[in-house]
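Novice: So the protein lines, in turn, are chains A and B.
One rule links them: number in the working numbering = place in the first sequence (from 1) + 16.
One rule links them: number in the working numbering = place in the second sequence (from 1) + 16.
Just so you know, these hints were derived from the structure itself, not from any lab.
Worth double-checking, as some hints may not be accurate.
Put simply, identical chains are the same to the list, so a pair is met inside one copy or across any two.
[To be verified] Using 25 Å as the maximum straight-line C-alpha spacing, the simulated SDA-like pairs for lysine to any residue come out as follows:
no., residue 1, residue 2
1, Lys349, Glu81
2, Lys51, Lys273
3, Lys139, Gly232
4, Lys78, Asn338
5, Lys266, Ile231
6, Lys67, Glu351
7, Lys266, Tyr305
8, Lys114, Arg303
9, Lys135, Gly232
10, Lys349, Leu226
11, Lys273, Arg156
12, Lys209, Gly323
13, Lys78, Glu117
14, Lys219, Glu238
15, Lys223, Asp301
16, Lys209, His90
17, Lys71, His237
18, Lys159, Glu353
19, Lys139, Asn72
20, Lys243, Gly116
21, Lys51, Lys78
22, Lys273, Asp301
2 protein chains.
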Amino acid sequence: MEQVLSNNLVISIDAMGGDNSPRVVIEGLAIAAQKNADARFLLYGDEQQVKALLKNYPTLSKVCEVRHASEVVHNEDKPSAVIRNRNTSMFMAINAVKQGEAQAVVSAGNTGALMAISKLTLKTIQKIHRPAIVTIMPHRTGKYVMLDLGANTECNSLNLSEFALMGNIFAKHALGISRPRVALLNIGAEEMKGKEEIHEAAKIIRKAKLDIDFIGYIEPHEIPEGKADVIVTDGFTGNIALKSIEGTAKLVVRLMKDAVKKSFIAKFGLPFMFGVGMNIKKTMDPRLYNGAMLVGLNGLTVKSHGGTDALGYSVAVGNAINLVRQQFVPSIKEELETVDLDSLSEEILYDSY
Amino acid sequence: MEQVLSNNLVISIDAMGGDNSPRVVIEGLAIAAQKNADARFLLYGDEQQVKALLKNYPTLSKVCEVRHASEVVHNEDKPSAVIRNRNTSMFMAINAVKQGEAQAVVSAGNTGALMAISKLTLKTIQKIHRPAIVTIMPHRTGKYVMLDLGANTECNSLNLSEFALMGNIFAKHALGISRPRVALLNIGAEEMKGKEEIHEAAKIIRKAKLDIDFIGYIEPHEIPEGKADVIVTDGFTGNIALKSIEGTAKLVVRLMKDAVKKSFIAKFGLPFMFGVGMNIKKTMDPRLYNGAMLVGLNGLTVKSHGGTDALGYSVAVGNAINLVRQQFVPSIKEELETVDLDSLSEEILYDSY
Chain A
17 MEQVLSNNLV
27 ISIDAMGGDN
37 SPRVVIEGLA
47 IAAQKNADAR
57 FLLYGDEQQV
67 KALLKNYPTL
77 SKVCEVRHAS
87 EVVHNEDKPS
97 AVIRNRNTSM
107 FMAINAVKQG
117 EAQAVVSAGN
127 TGALMAISKL
137 TLKTIQKIHR
147 PAIVTIMPHR
157 TGKYVMLDLG
167 ANTECNSLNL
177 SEFALMGNIF
187 AKHALGISRP
197 RVALLNIGAE
207 EMKGKEEIHE
217 AAKIIRKAKL
227 DIDFIGYIEP
237 HEIPEGKADV
247 IVTDGFTGNI
257 ALKSIEGTAK
267 LVVRLMKDAV
277 KKSFIAKFGL
287 PFMFGVGMNI
297 KKTMDPRLYN
307 GAMLVGLNGL
317 TVKSHGGTDA
327 LGYSVAVGNA
337 INLVRQQFVP
347 SIKEELETVD
357 LDSLSEEILY
367 DSY
Chain B
17 MEQVLSNNLV
27 ISIDAMGGDN
37 SPRVVIEGLA
47 IAAQKNADAR
57 FLLYGDEQQV
67 KALLKNYPTL
77 SKVCEVRHAS
87 EVVHNEDKPS
97 AVIRNRNTSM
107 FMAINAVKQG
117 EAQAVVSAGN
127 TGALMAISKL
137 TLKTIQKIHR
147 PAIVTIMPHR
157 TGKYVMLDLG
167 ANTECNSLNL
177 SEFALMGNIF
187 AKHALGISRP
197 RVALLNIGAE
207 EMKGKEEIHE
217 AAKIIRKAKL
227 DIDFIGYIEP
237 HEIPEGKADV
247 IVTDGFTGNI
257 ALKSIEGTAK
267 LVVRLMKDAV
277 KKSFIAKFGL
287 PFMFGVGMNI
297 KKTMDPRLYN
307 GAMLVGLNGL
317 TVKSHGGTDA
327 LGYSVAVGNA
337 INLVRQQFVP
347 SIKEELETVD
357 LDSLSEEILY
367 DSY
């Protein structure tokens with residue numbers, strides 16, 4: 017079965033998730049399909065709507081199979097209210113991964129519901145206590161990954177150590193870095209700075225002698241300099257850092273636009289600056305970093321931003337395809353077989369008393 | 017005594033703190049003195065060195081009194097090792113505020129030691145459990161304040177509520193906003209998102225019917241839009257957010273410079289863009305936001321960045337002068353007289369069970 021799957025790259029799609037679905041979903045898939053001729057898509061959603069849209073994309077249509085889902089998870093739905101509804105496009109798309117019909121699922125729908133249904137359906141990989149949300153971000157000269165970004169508001173030292181392990185494997189596959197530098201996010205470089213669980217995680221990672229290039233603590237302002245490839249933190253802190261970064265990047269670009277608008281002279285300089293603008297855009301465009309991955313489960317769930325456009329959606333699908341090609345899920349399962357952090361964590365905690 | 021103090025604006029200065037002290041300190045004071053003719057400075061440090069530097073600034077010299085301090089707190093000193101050494105320039109400068117000789121102290125030295133000695137010497141204002149570090153930051157159309165930025169790694173709901181109170185009063189004085197909008201930093205707008213202590217703090221603030229314009233939760237990416245004037249958070253999260261913002265602003269500017277350097281055409285546009293660059297610089301220049309204030313004590317401690325230059329140092333001193341002029345410490349003591357969050361907090365916590 018595994019052999020068949022790896023030769024048949026199949027991504028299941030929640031066609032109804034997101035602000036302008038299923039239109040943006042189909043437009044995004046068209047872009048992704050063009051770049052990935054070997055990918056096939058299982059689309060779950062309103063059959064009539066989806067098929068009508070697909071008519072405009074004959075090439076895409078050839079690699080799509082549409083399956084009717086009678087219900088939709090809405091953004092305002094509480095995860096607990098929809099988690100056991102097997103008729104939603106979201107549930108059906110995730111379930112396709114569980115059934116082995118697809119190797120990854122992409123949805124732009126309700127984040128909480130997507131995480132909850134994914135956890136319940138795909139289950140955590142043995143030895144991993146909590147899955148984490150990871151995303152790919154730009155630094156000055158390349159890219160890095162950060163996790164967790166919100167799956168777990170509170171994390172203990174064992175959770176953080178597991179995120180370090182998973183992030184390391186993720187970065188190898190997603191960024192193609194053979195030996196990623198892994199760091200714990202903290203508010204100082206000194207051993208005593210920050211929180212107890214961070215100090216303990218550092219001890220666990222060091223003592224476990226994992227096959228990881230663990231470089232210790234990193235502070236947020238060092239991230240853009242490219243000092244680490246994997247940034248490990250709890251879901252609350254990661255979410256704060258991510259949104260601070262996104263908000264500030266937007267602010268600076270906005271301030272520039274405001275300043276150019278106000279300046280008569282600057283307008284004459286604009287044509288010369290076109291290339292520079294494009295360059296910055298190419299590095300910082302949030303659409304190019306769309307797609308947060310839920311890792312640590314027996315299958316891969318990719319969450320697209322709900323308000324993204326076709327290009328952004330295609331990037332999320334591209335991430336899914338890339339990680340399936342790189343055999344991310346089989347690899348993480350295999351690599352984790354050899355590690356037992358649980359007993360180590362108990363030992364470390366015992367040592368601290 | 018209070019009357020005398022308010023007519024005599026005196027700032028005590030740790031002349032030996034910071035990377036290039038006492039040179040940068042004296043150069044910075046020269047700028048600050050030019051802008052504030054009524055301010056006087058009590059300088060603590062190596063008398064010979066300081067007096068030699070002051071010779072170059074005759075106008076500044078007239079408003080300075082130099083007092084010899086035989087020892088210096090170094091950056092690598094542990095706070096616990098220096099906290100009771102009464103011979104350091106840092107201790108003596110802080111002690112001048114306690115003795116009523118100065119109304120605020122400025123130091124560019126070891127942050128941990130500065131906070132520890134300030135707490136021990138100046139003591140927390142009655143009814144406040146923990147002091148907080150607050151700073152002034154730019155958003156798209158104005159400024160906001162954020163606290164705590166690192167004085168307290170872990171905070172409970174009562175601490176956060178007190179920060180909201182103090183931040184409100186601080187913003188009135190530092191930003192001149194008559195009714196600041198106060199928000200709790202969180203990872204979502206919904207009541208259930210984020211951490212328990214944040215939810216409880218929101219309950220306490222609402223139930224206390226404080227004279228505060230409390231607008232609920234704010235997410236980091238909303239800050240640059242200017243949605244709130246006071247951002248309240250624990251010291252760990254605040255430090256992460258602050259450093260993420262600083263790092264990203266620097267990254268975007270760096271990317272632009274890199275792109276211009278690489279582009280032959282862009283160089284021709286540069287002269288037109290000079291005004292825009294200056295405009296951004298004026299808004300985002302970290303030196304213009306130098307000076308973190310420790311609030312909640314019987315006196316005001318201002319921490320300058322250790323690596324700043326004369327302009328940056330002068331901004332930190334300017335903050336101290338401005339807050340003394342605005343009677344910040346007497347005001348916060350007076351306003352807090354009428355509030356009793358302690359009993360309210362117990363009630364709320366009791367309610368939650």
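Novice: If a hint holds in the structure, say so; if it doesn't, say that too.
Specialist: Status of the hints after comparison with the structure:
For the identical chains of this complex, Lys349 and Glu81 are neighbours neither inside a copy (29 Å) nor across copies (69 Å), given an alpha-carbon limit of 25 Å. In the homo-oligomer, the alpha carbons of Lys51 and Lys273 never lie at most 25 Å apart, since the shortest distance is 33 Å inside one protomer and 32 Å across protomers. Neither within a single protomer nor between protomers do Lys139 and Gly232 lie at most 25 Å apart by alpha-carbon distance, with minima of 30 Å and 35 Å respectively. Taking the shortest alpha-carbon separations for Lys78 and Asn338, only the intra-copy value of 21 Å comes in at or below 25 Å, while the best inter-copy value is 69 Å.
When the C-alpha separation of Lys266 and Ile231 is checked against a cutoff of 25 Å, the pair qualifies only between copies, where the shortest distance is 23 Å, while the shortest distance within a copy is 30 Å. When the C-alpha separation of Lys67 and Glu351 is checked against a cutoff of 25 Å, the pair qualifies neither within a copy, at 41 Å, nor between copies, at 65 Å. Proximity of Lys266 to Tyr305 under the C-alpha cut-off of 25 Å is found in both arrangements, the shortest distances being 14 Å within a copy and 20 Å between copies. For the identical chains of this complex, Lys114 and Arg303 are neighbours neither inside a copy (28 Å) nor across copies (54 Å), given an alpha-carbon limit of 25 Å.
Taking CA atoms no more than 25 Å apart as the test, Lys135 paired with Gly232 passes in neither setting, with 30 Å inside one copy and 31 Å between copies. Within a single copy, Lys349 and Leu226 get their C-alpha atoms as close as 15 Å, which meets the 25 Å cut-off; across copies the closest is 53 Å, which misses it. When the C-alpha separation of Lys273 and Arg156 is checked against a cutoff of 25 Å, the pair qualifies both within a copy, at 22 Å, and between copies, at 11 Å. In the homo-oligomer, the alpha carbons of Lys209 and Gly323 lie at most 25 Å apart only across protomers (20 Å), although the nearest pairing inside one protomer, at 38 Å, exceeds that limit.
For a Cα distance limit of 25 Å, the shortest separation of Lys78 from Glu117 inside one copy, 17 Å, qualifies, whereas the shortest one across copies, 83 Å, does not. Proximity of Lys219 and Glu238 under a CA criterion of 25 Å is satisfied intra-copy only: 22 Å inside one chain copy versus 36 Å between copies. In this assembly of identical chains, Lys223 and Asp301 lie within 25 Å of each other by CA distance neither inside one copy nor across copies; the values are 39 Å within and 42 Å between. For the homomeric pair Lys209 and His90, the shortest alpha-carbon distance between copies (17 Å) is at most 25 Å, but the shortest distance inside one copy (42 Å) is not.
For a Cα distance limit of 25 Å, the shortest separation of Lys71 from His237 qualifies neither inside one copy, at 48 Å, nor across copies, at 39 Å. For the identical chains of this complex, Lys159 and Glu353 are neighbours neither inside a copy (28 Å) nor across copies (52 Å), given an alpha-carbon limit of 25 Å. Neither within a single protomer nor between protomers do Lys139 and Asn72 lie at most 25 Å apart by alpha-carbon distance, with minima of 37 Å and 72 Å respectively. Taking the closest pair of Cα atoms, Lys243 and Gly116 never come within 25 Å of each other, the shortest separation being 38 Å inside a single copy and 46 Å across copies.
For the identical chains of this complex, Lys51 and Lys78 are intra-copy neighbours only, at 15 Å inside a copy versus 73 Å across copies, given an alpha-carbon limit of 25 Å. In this assembly of identical chains, the alpha carbons of Lys273 and Asp301 lie at most 25 Å apart whether taken from the same copy (15 Å) or from different copies (17 Å).
In this structure, the hints that do not hold are numbers 1, 2, 3, 6, 8, 9, 15, 17, 18, 19, 20, in rising order.
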